[in-house]
Amino acid sequence: MAKITVTARPGRVVPIHSTVAPGPAGAPLMLNPGDELEVDDSLTLVQRALRGDLEVVENPRPRPPGERFSAAVAARPIASVVLSDAPPKKAS
Amino acid sequence: MTVNTGISTSLRRPGLAHKFIYQVGGRALTPLPQRLLMIGIAKGTIAPGVIFPINDAIETDGQCGIGVELSLMARKAIETEGFLGQGPFLYGCGVAEPSSGAARTQTFTFGGAATVGDNAVVRIAGRTLVFPINVGDSLTKMGSNLNDAIGAQRQVIPVTSIAAAGVVTTTHTSKGVCGNDVVFEVVKLPPGVTCVTAQGTAGTGVADLTAALAAAAGPDYDVIALANHASADLSLALAHVIPAWGPTEKHWRWVLFGEPGTIGVGTALAVAANDRAIGVISCEQMPSLPGEMAAAGGVGLLSVARPNGNWDRMRLPLYPPSDAFAYTGSEVEVALAAGLTPLTPVVDPQTRVQQPGVVLIEKFVTTSTTQDGQPFEALRDIAVPRVGAFIARQVDARYAAQFGASANPDGALLDDDAIPRVRDMIAGILYDAQSAKIITNVEFDLQKLVVEKDPSAPGRLNVDMTYTVVLGLHQVVVIHRVTI
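Chains A and B supply the protein sequences, listed in that same order. Quick note on numbering: the numbering used here labels position 48 of the first sequence as 48, and the sequence is numbered without any gaps. Convert by adding 92 to the 1-based position in the second sequence; the result is the number in the numbering used here.
Chain A with its partners taken away, still in its complex shape:
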């Protein structure tokens, strides 16, 4: 079991199952090309998605220790879910 960082292949929007990463407000997390998400590579859902929808990001952006991007967005409304390289929003 290892952690890998994945993103959506071009032209795809990949809904992520809640067991892989929780989404905001009960909706599935939608991974767009350029978004990065750290996942467990042993999960069947991840392995199946890697056949077509997801690809591994070889050099993910630096992030603070322990930050799991999906958890960081869990409480945000859908409209502001941003997982890409933009700096994280400050908590208000």
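FYI, nobody ran anything at the bench for these hints, they're computed from the structure. Mixed in with the good hints there might be a few duds.
Now the in silico label distances, taken between C-beta atoms and shown as ranges [said to hold, decoys possible]:
1) Gly11/A / Gln442/B: 19 to 27 Å
2) Val542/B / Lys3/A: 20 to 28 Å
3) Leu50/A / Ala492/B: 52 to 60 Å
Examples of chain A residues toward chain B, derived with CB under 10 Å [said to hold, decoys possible]:
4) Arg9
5) Gly11
6) Val14
7) Pro15
8) His17
9) Ser18
10) Thr19
11) Gly26
12) Ala27
13) Leu31
14) Thr44
15) Arg48
16) Ala49
17) Gly52
18) Val56
19) Val57
For every residue, glycine included, the Cβ atom is placed at its ideal position computed from N, Cα and C.
On the provided structure of chain A, position chain B as indicated by the hints.
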């Protein structure tokens, strides 16, 4: 209420006069015929952009061209109606193949020699081709046999073929990227024989649906099934349904796409659509063509005349994907959450073997999943917008019967009786729909019914009505307290 005969007071001659008024008696909902329009490439006798009724597969072959996209959609729709035992009226509208671009080609290259004679099996777009290869057959003979097998199924297969020196080259029946959706498989060969299938020329060019959708804007259709499934087509579909659902246009309809790509590809469409009137039918690696998926889905949707039907587990005659690509339960879950209508194979409960030529609809949903960036559940179930459109059509029909010219010789007047008559009309429709188990809670919802004169627009009544949809039974959760 004064009896208005419509007979002029200038009538002087003594005697009796009779006038007939025809109207729907009793309180009953108006039967609404269902219509499915299919749009795809056609190369036959029918001009592009002309909508025509589909009566027979052979006739459609002539109108659209044998093995051409729209012909195959029509065949699939007819097959699905036979499979389900019912279905809508079918219409077609052809689009021209791309003026520039290329038709996809694919080769089957034979090698080796059969040590034991046997049948070889090849699949093209899910269609199974069986042809003999005997001991001593040359490569040319093998190719010729496959070519003959393709020719024998020309009416249902989206390619033509030629054979030369053990190489069979298929060419898609039209130019365009649609040819790239065809799945080619070598399933079985006799011992000693090899057959490699490879793409030659990729299909290029995109058929433009603009004119066909424009032609469909006027007539009334319940579902429009599209052969294309690119994001540009989705934009066209959105531009079509948004005005079609307008308050005065009143062409309530659903546009269906078939997407054999991954969930991520389908979700890109669904997220862009996010509309109650657009459905994306998703099944990764399905060999059936996208247009066939949409056509079968459209027939399935309209085969249930009840607007609040339940399409869970409805079977459709489409070729299932291989087991490796059949959606898992979790994938079905995310597909539904993303606004996709997932199809999955039907598995024999005894043998666990996948049943050929049939798939099932997990649940029919719209792509409407969010509103103002927040999750929105009300329009996920396609039954909900269908009931809205159904009630609106019933109001239109009942209004025409009660307030139209035949029932009112001098025309309907906005007099003191108008408001209670409209209230009664609405209440009658809601009670009838409740009797038909389409809506519920009418007694309570009627308390919210408001009918009033518009304060500024002369001659207009405003009605605010509420009704509660009877949803399909989608889930039963059972807790077992097993005790020893």
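Report task. Determine which of the earlier numbered hints do not hold for this structure and return their numbers in increasing order. Result -> 1, 2, 18 and 19
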